[in-house]
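Enquirer: Letter by letter, the chains look like this.
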Amino acid sequence: MSSAPAAIEVTGLRKSYGTLEALRGISFSVRRGEVFGLLGPNGAGKTTTVEILEGYRERGGGSVAVLGEDPERRSRELRARVGIVLQSCGIYRHLTVHEVLSHWAGLYPRPRPVAEVLEVVGLTDKADERTRRLSGGQRRRLDLGLALVGDPELIFLDEPTTGFDPAARRNAWDTVRSLRDLGKTILLTTHYLDEAQALADQVAIIKDGRILAQGSPQELGGGEGERYTVSYVDGAGRRVEHRTLDPTSLLHELTGQALARGQRLHKLSVTRPSLEEVYLELTGEHAAGSETAMEMGPLERATEAGGPPATTDPDSPTRVTADA
Amino acid sequence: MPDALALGWRQYRLERRMFWRNPAAAFFNFLLPLSLLALLGAVASGHQRDLNIIVPGIAGMSVMTTTFIALAHNMTALREDGVLKRIRGTPLPTGAYLGALAANAVTNAAVQVSIVVVAGKLFFGLSWPKDWLELIVFVAAGVVCFASLGVALSHAIPNSESAPVIVNAVFLPVILISGVFFDPKHAPGFLRDIAQALPLKHVIDGLSAAMVTGRGLGDHLSALAVIGLWSVAGIVLAVRGFSWEGHRS
Chain A
1 MSSAPAAIEV TGLRKSYGTL EALRGISFSV RRGEVFGLLG PNGAGKTTTV EILEGYRERG
61 GGSVAVLGED PERRSRELRA RVGIVLQSCG IYRHLTVHEV LSHWAGLYPR PRPVAEVLEV
121 VGLTDKADER TRRLSGGQRR RLDLGLALVG DPELIFLDEP TTGFDPAARR NAWDTVRSLR
181 DLGKTILLTT HYLDEAQALA DQVAIIKDGR ILAQGSPQEL GGGEGERYTV SYVDGAGRRV
241 EHRTLDPTSL LHELTGQALA RGQRLHKLSV TRPSLEEVYL ELTGEHAAGS ETAMEMGPLE
301 RATEAGGPPA TTDPDSPTRV TADA
Chain B
325 MPDALALGWR QYRLERRMFW RNPAAAFFNF LLPLSLLALL GAVASGHQRD LNIIVPGIAG
385 MSVMTTTFIA LAHNMTALRE DGVLKRIRGT PLPTGAYLGA LAANAVTNAA VQVSIVVVAG
445 KLFFGLSWPK DWLELIVFVA AGVVCFASLG VALSHAIPNS ESAPVIVNAV FLPVILISGV
505 FFDPKHAPGF LRDIAQALPL KHVIDGLSAA MVTGRGLGDH LSALAVIGLW SVAGIVLAVR
565 GFSWEGHRS
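Protein chains in written order, with our numbering: chain A, 1 to 324; chain B, 325 to 573.
FYI, nobody ran anything at the bench for these hints, they're computed from the structure. Being a predicted model, the structure only gives us computed values, none of them experimental. Think of the CB as a built atom: it goes at the ideal place given N, C-alpha and C, for glycine as much as any other residue. Treat each hint with caution, since some may be false.
A short list of chain A residues far from chain B (calculated; beta carbon distances all over 10 Å) [claimed, not checked]:
#1 E9
#2 Y17
#3 G43
#4 R79
#5 G90
#6 D128
#7 G163
#8 D165
#9 T175
#10 E241
#11 R243
#12 D246
#13 R272
Here are the simulated lysine to any residue pairs, SDA-like style, with alpha carbons at most 25 Å apart [claimed, not checked]:
#14 K126/A <-> I411/B
#15 K126/A <-> R334/B
#16 K126/A <-> I439/B
#17 K126/A <-> F343/B
#18 K126/A <-> A521/B
#19 K207/A <-> E77/A
#20 K126/A <-> G419/B
In silico negatives: residues of chain A with every beta carbon more than 12 Å from chain B [what the hints assert, rightly or not]:
#21 A22
#22 L78
#23 A80
#24 L86
#25 S88
#26 E99
#27 R130
#28 E253
Chain B on its own, in the form it takes in the complex:
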């Protein structure tokens, strides 16, 4: 019998193929953040201080779309369509399957952040990241955090039709207050407090340090701690609420 790793790799390749065949997924995961980057970058063109906020902001948002949004949508659809149940009846090991789904999201996050970094260097006046390790650490922490929160949120979504509404009701306010598009220093105090309690702002702070300011990991331990707490909560909720079957069946 082929071993679990080979089966997981097989499933991963299938997930990749399906990703590119699904126009909606390709749009939300790639085109949306990149066109926002192009648009905002063009508007802010010449204002390096704004660009220094927008580029890491879009990088952070990319981590969230490729993991949180994608998994909340996909897990809901796979569960409600019965694909999860069908997969469960095959010899594909559970770990190999879920690992492939996660790896698919991680691939998208890595590709997307890479594109943003390259675009930042080529078009938006940023240098290459000053601290690659910090960049990797914060992308990885963001991926774990938002992936688990996305899976956890999917448990609360009753069906595929309501998924976009629920996901965007969470996603849009978070990106607005977390400093994706503007410097959050100008936001009202209570919004800043909420943003401080949420993980995205801390991911963006870390990415900004890695890409722009060059302040090291040591200055961002509290940011990592907040992301870590959300990750733990996300993982616990993702695992505890997990269901292989839809509500309809």
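Next comes chain A alone, as it looks inside the complex:
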């Protein structure tokens, strides 16, 4: 554990809109230099959380410190140290990319050179283009450029790749990684699992205003005592799935039996639980999914402190399910 103060410290954060409780007491902390992912379905409370941290909304309760300051005070000093990429935000349509960026640079005490920012977000070719002529993806890159030009220590990215094509997503991911390499702290929200898995050092899964689980993607995916899924199709064409903490001996047993019967285990696979499974399990998003997903054992909820889920019940019985 680093002794440096956290970049973001959130304790018992609450927020209501009328009778709707958007945040029901969430706590997490983001260390300096890490990429923290707030992962959850639409309406989970992700944007409300970041907008409180950005100083756009007042909290209902709890305490919040961003770079050691209360964002509700909206001090200029704090705003100069933070870069914000909002979900959808217009920009001056009649100005060129370069004009907008250099204007923004002038609003900050220690801006980065505009040419450098254009390079980082890949808009050098478009520097003299009016912003209204940019494509959707290019506009998102300009959004990022505007958030970077003040050379912030902390960057908020609210659903940075929603609506991107796969190639553009990869590019955006590379940009986020390069920002981390520069030592920036990044808080990103996403409803894409692969994005959280690919980018985040720490992930908090949020739903209905509560944090359901928290930890590194590896920890959330299982960590100590992770349960493997062994599946195959048996002689009758049925798909069989087993959960186990000890795949080695289970495989030995299964293959031994099969060989003894002179059968083959078709489509045999051994998979580690992914962040995706944990996510689907916790958020209930799999409800409309396959039956096999429904059959997965209950996963442990995060503790109040928000640590990684500890696996219990190591001897849970294996299940056999039939595919419809």
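Keeping the supplied structure of chain A fixed, place chain B upon it in accordance with the hints.
Expert: What follows is chain B alone, placed relative to chain A:
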């Protein structure tokens, strides 16, 4: 850190540049009143009594277009497009930003009224304004009044698409009954009463006195009072309803 004034000045220069790059803004703020002046002036050419009404009328209308219309449109668009929200996330102080927006509108009003005054002298048989102070006082009062009312109206406009409809639904009847194009003495009594209660007629009366009749400020204190009341209402509504975020987000 650059101070608020320098940042406001920077923002003001950007607003000026954007104004000239936006054809719609340039049209509504400059070409429309000036072409109306040219057109009506040509029609009334030779009839000095009509010209004496039209020139100050267009000057008053210019104050309203450059502030009321421009700000009602712009504040709606900036809010709904998310520009206001984005600006709010930067270190640009709120006062510097809003000050720059206001200064942009004031610049347009000043330039426009100056053009009308010069055109009145050169083409439409008016002398130079007889009371410069009165001219400045009424332009300033009109700017404050219509700017705040424009911002206040923007709060009631749900999106950019409906802005022109709502703004013109207010603007067109007001200029028609307030004596921009004709002497309101000939209008029906109830329309005159409505016009008396609205600020534009009083701005035009003041401008007319400054530019044509030479009747001093002292004769127009009640006009200033009406403009002042509307200003107070406009400022209260503009501040209370202000939102940095659009309805869509």
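Enquirer: None of the hints should be skipped; say for each whether it holds.
Expert: For each hint, the structure was consulted:
1. E9: With a cut-off of 10 Å, E9/A remains clear of chain B, as the shortest Cβ separation is near 20 Å.
2. Y17: With a cut-off of 10 Å, Y17/A remains clear of chain B, as the shortest Cβ separation is near 13 Å.
3. G43: 14 Å, holds
4. R79: 5 Å, violated
5. G90: 3 Å, violated
6. D128: It holds; D128/A is separated from chain B by about 14 Å at its closest Cβ, greater than 10 Å.
7. G163: Given that every Cβ of chain B is farther than 10 Å from that of G163/A, nearest at about 15 Å, it holds.
8. D165: 23 Å, holds
9. T175: Per Cβ check, T175/A is outside 10 Å of chain B; nearest 19 Å; holds.
10. E241: Answer for E241/A: holds, closest chain B Cβ roughly 43 Å.
11. R243: 43 Å, holds
12. D246: Label holds. Min Cβ-Cβ 51 Å, cutoff 10 Å.
13. R272: Non-interface label stands for R272/A: nearest chain B Cβ at 39 Å, farther than 10 Å.
14. K126/A <-> I411/B: Holds. K126/A to I411/B sits at ~22 Å (cutoff 25 Å).
15. K126/A <-> R334/B: 24 Å, holds
16. K126/A <-> I439/B: 39 Å, violated
17. K126/A <-> F343/B: The given pair, whose Cα atoms are some 22 Å apart, holds under the 25 Å limit.
18. K126/A <-> A521/B: The hint is violated at about 53 Å.
19. K207/A <-> E77/A: 32 Å, violated
20. K126/A <-> G419/B: This hinted pair is violated, its Cα atoms lying about 32 Å apart.
21. A22: Per Cβ check, A22/A is outside 12 Å of chain B; nearest 15 Å; holds.
22. L78: 9 Å, violated
23. A80: 4 Å, violated
24. L86: 6 Å, violated
25. S88: 6 Å, violated
26. E99: 8 Å, violated
27. R130: 8 Å, violated
28. E253: Label holds. Min Cβ-Cβ 56 Å, cutoff 12 Å.
Comparing the model with each numbered hint stated earlier shows that hints 4, 5, 16, 18, 19, 20, 22, 23, 24, 25, 26, 27 do not hold.
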